[in-house]
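S.K.: Protein chains in written order, with my numbering: chain A, 1 to 314; chain B, 1001 to 1367.
A hint or two may mislead.
[Claimed, not checked] Mimicking DSSO-like on lysine-lysine, the simulated pairs with C-alpha atoms at most 27 Å apart in a straight line are:
| hint | chain 1 | residue 1 | chain 2 | residue 2 |
| --- | --- | --- | --- | --- |
| 1 | B | K1280 | B | K1261 |
| 2 | B | K1015 | A | K111 |
| 3 | A | K216 | B | K1104 |
[Claimed, not checked] Counterexamples of contact, computed for chain A against chain B with all Cβ distances above 10 Å:
| hint | residue |
| --- | --- |
| 4 | I96 |
| 5 | P159 |
| 6 | A203 |
| 7 | S210 |
[What the hints assert, rightly or not] Cβ pair distances, simulated, as ranges:
| hint | chain 1 | residue 1 | chain 2 | residue 2 | range |
| --- | --- | --- | --- | --- | --- |
| 8 | A | M126 | B | V1170 | 56 to 62 Å |
| 9 | B | D1182 | A | W212 | 33 to 39 Å |
| 10 | A | M126 | B | E1108 | 20 to 26 Å |
| 11 | B | R1101 | A | Q81 | 35 to 41 Å |
| 12 | A | W212 | B | D1064 | 54 to 60 Å |
| 13 | A | I121 | B | Q1220 | 56 to 62 Å |
I should point out that these hints are in silico values taken from the structure, not numbers from a laboratory. In this text the structure is predicted, and so the values were computed from the model without any measurement. Glycine included, each C-beta is placed from N, C-alpha and C at the ideal position.
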Amino acid sequence: MAQQSAAAEAVPVTTPATGARDKWFRRTLFIPPLGFLVLMTIFPLLYSLGVSLFNYSLGGTAKFAGFSNYVTLFRDPSFWQVTFITIRIALFAVAIEMVLGVLLGFALHQKLPGMGLFLLIIFLPMMLAPLVVGLFWRFLLDQTFGLVDYLIASVGFKPIPWLTHPRYALLSVIIVDVWQWTPFVVLLTLAGLGTVPPDLEEAAELDRASVWMRFKHIYWPHLRFPLLLALTFRLIDTLKLFDTPFILTGGGPGNLTTTLSLLGYRFHFQFFQISTAAAISWVIVIIINIVANILVPQMQKAPRGSEEAVDTGL
Amino acid sequence: MTSIRLENVHVNFGKTEVLRDISLEVADGELCVIVGPSGCGKTVTLRAISGLTRPSRGHVYFDDNVIDHVAPGDRNVGMAFQTYALYPNMTVRENWEFPLRAAKRQEELIQERVGQVTGLLDMGPLLNRYPRELSGGQQQRVALGRALVRRPQVFLLDEPMGNLDAKLRVELRASLRKLQMDLGVTTVYVTHDQVDAQALGDKIVVMDVGSVQQVGTPEQIYETPANLFVAGFIGTPRMNFLDGTLKQENGNLVVEHPLFKMDLPEEVVGRLADNARDRKVVMGVRPESIGVSTHPGPQTIPGKIYVCEPQSNEVIIEIELEEEVHLKVRVGRDALGFEPYIDQLVQVQIDPDTLHFFDSVTGVRLS
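This is chain A alone, in the form it adopts within the complex (with noise of 0.2 Å):
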């Protein structure tokens, strides 16, 4: 007995760090990335809200002038007609995204041989930079020397005007984000549909479940969180849509495929107008946060049957 405990005193105890000087180090390791945010986050954001509460343009000096800079922008119907141009092309674009998103998830989740090439052929467009999405689209939709009028025009039909009729615009900026961020959806699809146990998508072909019984009870769980995640991230990204409509239409023709970030951007560098931009973003800023707010407690819920275990009784 003694010679137990003897060895088991020699065994070497790990005791929990506690001490003043360990603890100030511990704090000392938030020092940097606190630094960061504070330099590259915190501080912007709040210098563009005091921006937006002055008067002030390049060249001249900025006074105080509260809330006009919003009440000006509020007052001015363009800025309504850009605001709700902006929230149509976030909807549209992401409604389609994910509904192809999905559909096309579920067509490749199936194992066929050749899927590796498909699936990197499919996630292309959405590596590929803003810039040269938008560029080789404008070339695409050419009305004189776009690929797509010349097949319309060769199976007899008129060209479409896709980028300046007031008709065409606003869809050809939706079909270009569709084509570049379905992949997204598709990916998050995948990720999901991956989780699903095959024993239960077998169970479930016994079982003679219909179609809808299987995406509800079977893939539907898996498929949320990651949905959501889509969804959230689709309509932040499309909410603050900058790249598309500048290279491929400008805003035009009018201000009919102006978003708000455009409309910000021509207001800096166009008008030298820099409160009035600085307005415009905080706008974003707001929507963007609202829609947020809806949907990230959504995702934070908990799907049924996946709280904590009670008792099992046995």
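Since the structure of chain A is provided, determine the placement of chain B on it from the hints.
M.R.: Relative to the frame of chain A, chain B by itself:
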């Protein structure tokens, strides 16, 4: 009602051949138990019947109709998965209702069937739990229940009781057998437990390394195992194997072992094939057909008790005949007549009638 037939079924996973030339037949209303060690291909055989795994060669028949190209859902089979495969976002009740709702059954019928299964599996208080709120054994009962509610043509049960405690297992085994007979549903039951196999099966299929070793009734499998594998797999403790030689001596056939020599009676000789002379064999003797006593008698072999494992009314004794040559013996306490202890010197008596002979090279039964 349905009979099942597999004809020369092969299944390959990539380059590995997991099923080699499986042929077996399950008659209408029969309960067939497929038994074998882990990885012997018994689950894959079940999956081939359900259609979830496609054979690379060979055919599956239901009632003489080839169903190779019938989708799993259209084969009308109820399967209990080894991994349970319960729908996690549904309660026990909803899991059971699912196949019935999928088949668009009347609400009254759904409730009636769910009620029956609840009673059978004793799940009353747990109906509104989610699978993750259940223990392994309870989940297994839910899986079994989901296969039962639908009343399919064929039950395919993959280790449906592997996770149940002993008491529940014995109870459920009896009620499952009763239900299967009442419904008359053709059933294939996969297990690695040979006790389950013996207790349940009309027919037992013993499998090893992807092929069928023997098909027969529980008695046939026990009394005339086709080869060394089957002989060693069925029965607890496993059959004792001793190397020996069959010889002709003074007109009698004898079996010779370094430690003993035994005359074989007429019946045994008659059972053996004519070519079973002058050759090396493996003798098999079941632990329950060996006698032990403290006094030497005719044709007894001396040995020493190596280990004793008392059971409730029996005792399993391992006896050392010499270094590396051990025999396991299972005898009733009353039949034994003495209290065995380790290192006790005893006499072993083997009844030559009960000997099994196998080819020492191929392991095939000689008879």
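S.K.: Evaluate each hint against the coordinates.
M.R.: Here is how each hint holds up against the structure:
1. Only pairs whose Cα atoms come within 27 Å are accepted, and K1280 of chain B paired with K1261 of chain B is accepted, the gap being roughly 14 Å.
2. Restraint check for K1015 of chain B and K111 of chain A: satisfied, since their Cα atoms lie roughly 18 Å apart, inside the 27 Å limit.
3. Only pairs whose Cα atoms come within 27 Å are accepted, and K216 of chain A paired with K1104 of chain B is accepted, the gap being roughly 16 Å.
4. Under the 10 Å C-beta cut-off, the non-interface status given to I96 of chain A relative to chain B holds; the minimum distance is some 28 Å.
5. Distance check for P159 of chain A against chain B: the nearest CB is about 48 Å away, which clears 10 Å, and the non-interface claim stands.
6. At roughly 4 Å from the closest C-beta of chain B, the C-beta of A203 of chain A falls inside 10 Å, breaking its exclusion from the interface.
7. Taking the minimum C-beta to C-beta distance to chain B, about 6 Å, the non-interface status of S210 of chain A is violated against the 10 Å cut.
8. Between M126 of chain A and V1170 of chain B the CB atoms are about 59 Å apart, so this pair conforms to the stated range of 56 to 62 Å.
9. At about 35 Å, the CB distance of D1182 of chain B to W212 of chain A agrees with the hint of 33 to 39 Å.
10. Distance hint check for M126 of chain A and E1108 of chain B: the Cβ-Cβ separation is about 53 Å, which falls outside the suggested range of 20 to 26 Å.
11. Distance hint check for R1101 of chain B and Q81 of chain A: the Cβ-Cβ separation is about 50 Å, which falls outside the suggested range of 35 to 41 Å.
12. Checked against the hint of 54 to 60 Å, the C-beta distance between W212 of chain A and D1064 of chain B comes to roughly 36 Å, which is inconsistent with it.
13. A C-beta distance of roughly 60 Å is found between I121 of chain A and Q1220 of chain B, which places it inside the suggested range of 56 to 62 Å.
Violation of the numbered hints given earlier is confined to hints 6, 7, 10, 11 and 12; the remaining hints are satisfied by the structure.
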